[in-house]
Amino acid sequence: MSQHASQARGHYFIPPPSLYPVILAGGLFFLALGFIQAINGYAAGRWVMLGGAAIIVYVLFGWFGKVIYESRSGAYRDWEDVSFRYGMVWFIASEVMFFAAFFGALFYLRVIAVPELGNMASAHGTSLWPEFAGTWPSSGPHGNPFTPMGAWGIPAINTSLLLSSGVTVTWAHWGLLAERRRQLVLGLAATVLLGMAFIGFQAYEYHHAYTELGLTMGAGAYGATFFMLTGFHGFHVTLGTIMLSVILLRSLNGHFDAQRHFAFEGVAWYWHFVDVVWLLLFVFVYWV
Amino acid sequence: MKTVFRPPHLLPLLPGFLPCSVLAAYNFTFPEPVTPIARETLHIHNEFMLIITTLFVVVFAIMIYSMIKHRKSVGHPAARFTGPRGALQWFWVAVPFAILLFIDFVLMGIPAVQAIFSMEDTKTRADLVLKVTGMQWKWQYEYPEAGVRFTSTLATPRQQIANGEAKGEHYLLEVDNPVVLPVGKKVRVLLTSLDVIHTWWVPQFGVKRDAIPGFLRETWLLIEQPGIYRGQCAELCGKDHGFMPVVVHAVPEAEYLAWLETKKSAAKAAAGGAERAWSKDELLAAGKEVYAKQCVACHQANGQGLPPAFPPLAGSTVVNTPLFGMDGKPAHDSHVDRVMNGKANTAMQAFRNTLSDVELAAVITYERNSFGNTRGDMVQPAQIKALR
Amino acid sequence: MSTTTTHPASDLHAYQPGGIMRWLTTTNHKDIGTLYLSFSLLMFFLGGAMILAVRAELFQPGLQLMQPEFFNQLIGIHALVMIFGALMPAATGFANWMLPLMLGAPDMALPRLNNWSFWLLPPAAFLLTLPFGLALFGIGDGALATGWTFYAPLSVQGGMGVDFAIFAVHILGISSIMGSINIIVTIFNMRAPGMTLMKMPLFAWGWLITAFMLIATLPVLAGAVTMLLTDRHFGTHFFAAAGGGDPILFQHLFWFFGHPEVYILLLPVWGLMPHVLSTFSRKPAYGHNAQVYSFIVIGLLSVVVWAHHFFTAGLPVPALIYFMFSTMAISLPLAVLFFCWIATMWKGAMSFETPMLFAVGFIVLFGIAGLTGLILADVAADAQYHHSYFVVAHFHYALFAGGIMGVMTGVYYWLPKWTGHMYSERLGKLHFWLTVVSFNLTFIPQFFLGLAGMPRRIPDYALQFAEFNAISTLGAFVLGFSQLLFAWNIWSCIRRGPRVENRAWEGATGLEWELSSPPPHHSWETQPVVK
Ligand code: HEA
Ligand code: HEA
Ligand code: CUA
Ligand SMILES: [Cu+2]
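Chains as they are written, first to last, in my numbering: chain W, 1 to 288; chain R, 1 to 388; chain L, 1 to 531.
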């Protein structure tokens, strides 16, 4: 695996025909179909969903397994490596825009919609929501009362957890670059643990919100944006943690070297992205 | 691959070249304007049509000239230039852009900005306020100062729509209760909706504004000539979106005031009815009428609905459970609750502000004793009144 | 340059299944391109058949063929099928086929992902149309009935069809994002040595900007429909005033995607136009760099003008003015493109084979679309145009005359390259003239209908609109059935068209014409060097 550096852009690796993509598409189809059935009250939907998910998991193992095999057998050299890097960057870009939609919703509701609902009486001479003040945080004119989530308890702890995890992956990366395998493994393991701690705290926070604060998905504009933003973020942390665990296992098995470790870097980028999103969440959802 | 290209081939393209405004007869442009806004928009439209037609003709005249002259079959040799060279050519490249900038931001932009300011000038000098509430699939009109309120639904018989009988002159553009407005007065129109977004549109007024549930929007009109003006809902709002017309009678002010008086006394009479006890037969008769106006669109004349979107009332559990709970109040999800408060996120709207006490009592009683439902009980207008 | 040496391929290359397995498992850009294009053609006929039913209903006043519920389902699904099923996959099919050939690459950069991008489409199309079938068995109340725009709260209130459409959009979105990533990576990483970005063919530039726009906007649509889903089923209040939400928020999110989407649909076509015009004018494309900059400017402007789709929703005055002027500003880069197209033809040695006819038809008719778009951008006049048939006519000039006719230009132009056979010019020209005439017959009356006050999305209309609707319906049927000629022409070209050479057109330039027709399996096994 070390002769690649010298190879020019002579031959680009074209993977052989593969059945995985079609199966994955089918798995997604059944996942979606089952979900639709389930939320519309068809009990069978749950099983269809489960089937779809099983197919997806199967493909992920197979497909990534194949990629790892190809990578190990030296099929990817510098040219291919650049492709993967660009690919990951633009994938993360699309994720950024996905979060942007929800941040956009938060800003819009907070800055435009809720004040407008509150001002309606004075602005238009006849009122639709006479009692509504239109101040943030709000669950709207007809919403249930709730207590918003403060910033300096669990969210602050979670911020420090994620920030430290950013440090630990970078430390692990240095270890890899310097061929210090122990540092690599320790750094990754620490990152995974920090990620899991984050998820644990967030689960606790959700429980607290639902049982004690009256803060639910149904708590109007605040509840909706709160849970969708933190929820999708938490989902991404979970994915990131799983991906990091895979990298950890592969590192334990002696994969990666100082020159070629795209998988490690891709996951690390992803992790940093999740980190940055969290900082925005911390500021705009919890703090200000 | 050798082709002979003869200009006559272009003939069929000609219809595409026919500019719309040149044929400025009826039907090829906006209907006759009767408000200042409509006159302004028509003026702007005509001006724009002229501009874009000119652009179109000039640009494509050049292209067609080239297509005729610079053909291989007439032996034109291909040039090789790939961009402007020299000051003169740059000049000729720059000119169209200067022209286009001028057109966009001066010729079209300035009148447009003026028009926007006048369109949005809703709050000054309004002589009266009309509140318009859209709901599936009718309009409610309210004159807040006079305390008058009524709904306006399509008057075209379903038979005409189903092609069972000949279509009348104002097919689909006629209603049972038109809005009446005085001419020469500035009317401030407030819009909202009970369920989904509707759009109130009367072409001859040049007014089109969305009615958004939970929010108020506004616009204004000043009708200059008496007459009957017709329009339609312009935002897809479900099944009967095509069947919720707007009809406005513009009349001289005196006539308008007289009309308002009759409406006021009618409203008073209706409110008075809530005090007395009604007999079941009275309620059933009144309820049948309300049902035919307000409920048939969804639940159908035979009470069978259009499942699964619109449930049947015949045999419905909501309709067939007791009206009042142990504590004498209507239970959540009871018949009274459903009709007065509707159900969120479904087409079942809240009728508490649309219908009077008598109408509510009547239609509920009617539903409980029709379509094969045999609850046999009834609800009095006074009971509804007590719930408000 | 045109000779390709077979590289000693690794043993992984040995597996080449035939039959159906070839198509299911392929990682070859040409196979995948063919899949995309075939799928697109199929969807074009499906979407067209739906709207022909609609046009038949609109032939006369009164309800003849269908109930309003079904009518509403047909128009929305027609639009989604045409846009996401016909037009976008056609453009992606072009990209798959042509980018490696034009850039001098062996294949797309991420071939397996490429296969996945395609195979996500059939399940999505199935999800979109399945509710029609389910309704026949009494399950649910049919497909999405809100129009293609999903406006809340109508879509919150709607039936199961909305959920199907939401997930269809999710899957289509994944497909497009993966496709875009692939295209960006291919363009950045797979160009032949010496081909700088500014030397890159305009088609690739058009697609590069398209791909960026897809990555920037499709996730926002995904977010919007996700909020819709949670509003429908999980109790959130993004779009309900009672909870502090706002229906207009949905419109902002939708059109943040929706407006760039119209350029996403057309940028690949604008990219291919200069190739065709230059080939048949036997003259290099005029203003290559100017066109590149225009693409970039269009891409940037496209994401800041979205609110011109809801001028009547009651936006504040400053917003109205801002969105009006920013929208109008798009006419400038587009004027550059028109200028360059015409200047490419100017003083050429033109001949008018079918692709050139379609290109000229495209320019003229898309000119109508653009100029009417310009006046739609005017807030005052839009109060009258908005949600009337005037808008319907505007966007069919853009989507059919711009999009579909642009795609047809590309198909006729590249078909010889793809298949190695020539289609029938006679049939092609017939197809062109029938299409142009019947297209105008269908949609010119709709301009007048809109001006006279006919709202869109209504299954039945007042008597004064009867004549124009009848003409429009006649036109639509001729238009629809003329397209059978197109399918037939492609079919017979593949089956028995005369063989063509590498450079199928006399005036064609570019790397793609140096490969054999059809090109070898791994297009540029050895990369050419561009000087
Ligand atoms: C591919 C599709 C496409 C394209 C390219 C466009 C292009 C444009 N569109 Fe269109 N539009 C749609 C598809 C498209 N549109 C659709 C689908 C809808 C309706 C959606 C729905 O509601 O369902 C819509 C609706 C729509 C509206 C909303 C109308 C309403 O609902 O009230 C508006 C308003 O501003 C608008 C404007 C424009 C503008 C300014 C352009 C500009 O990009 C046009 C720019 C082009 C030009 C200006 C022509 C260029 C110049 C010349 C011909 C020569 C002049 C030259 C010189 C001087 C040298 N469009
Ligand atoms: C790429 C996009 C695209 C394309 C190509 C088309 C193509 C066509 N469209 Fe479409 N249309 C839209 C995008 C498009 N449309 C959008 C976005 C809307 C808005 C929807 C909304 O309001 O939400 C719309 C709405 C729309 C309406 C308005 C409906 C309404 O508001 O009530 C109408 C009405 O005439 C219409 C007509 C047509 C016609 C006649 C064609 C013709 O070009 C079609 C040509 C016909 C064929 C290609 C059919 C060929 C089929 C056969 C010959 C039968 C054989 C059958 C089989 C083999 C299965 N369209
Ligand atoms: Cu109300 Cu359309
Ligand atoms: Cu737009």
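Mixed in with the good hints there might be a few duds.
Stated by the list, open to error - Here are the simulated distance ranges between beta carbons: (1) L:474 with R:268: 29 to 39 Å; (2) W:153 with L:193: 37 to 47 Å; (3) W:130 with R:301: 47 to 57 Å; (4) R:62 with L:510: 25 to 35 Å; (5) W:64 with L:510: 29 to 39 Å.
Unchecked claim - In silico PhoX-like pairs for lysine-lysine, Cα to Cα no more than 25 Å straight-line: (6) R:131 with R:264; (7) R:69 with L:347; (8) R:280 with R:268; (9) R:69 with L:429.
Treat the hints as calculated values from the structure; they're not laboratory data. Given the structure is predicted, the values throughout are model-derived calculations rather than measurements. Glycine included, C-beta positions come from ideal geometry on N, C-alpha and C.
Hint check results:
1. L:474 with R:268: 29 to 39 Å: violated, 56 Å
2. W:153 with L:193: 37 to 47 Å: violated, 58 Å
3. W:130 with R:301: 47 to 57 Å: violated, 39 Å
4. R:62 with L:510: 25 to 35 Å: holds, 27 Å
5. W:64 with L:510: 29 to 39 Å: At 38 Å between Cβs, range holds.
6. R:131 with R:264: holds, 16 Å
7. R:69 with L:347: OK: residue 69 of chain R and residue 347 of chain L at ~8 Å, within 25 Å.
8. R:280 with R:268: holds, 22 Å
9. R:69 with L:429: Roughly 21 Å separates the two Cα atoms, so the pair holds.
Hints 1, 2 and 3, counting from the list given before, are not met by this structure.
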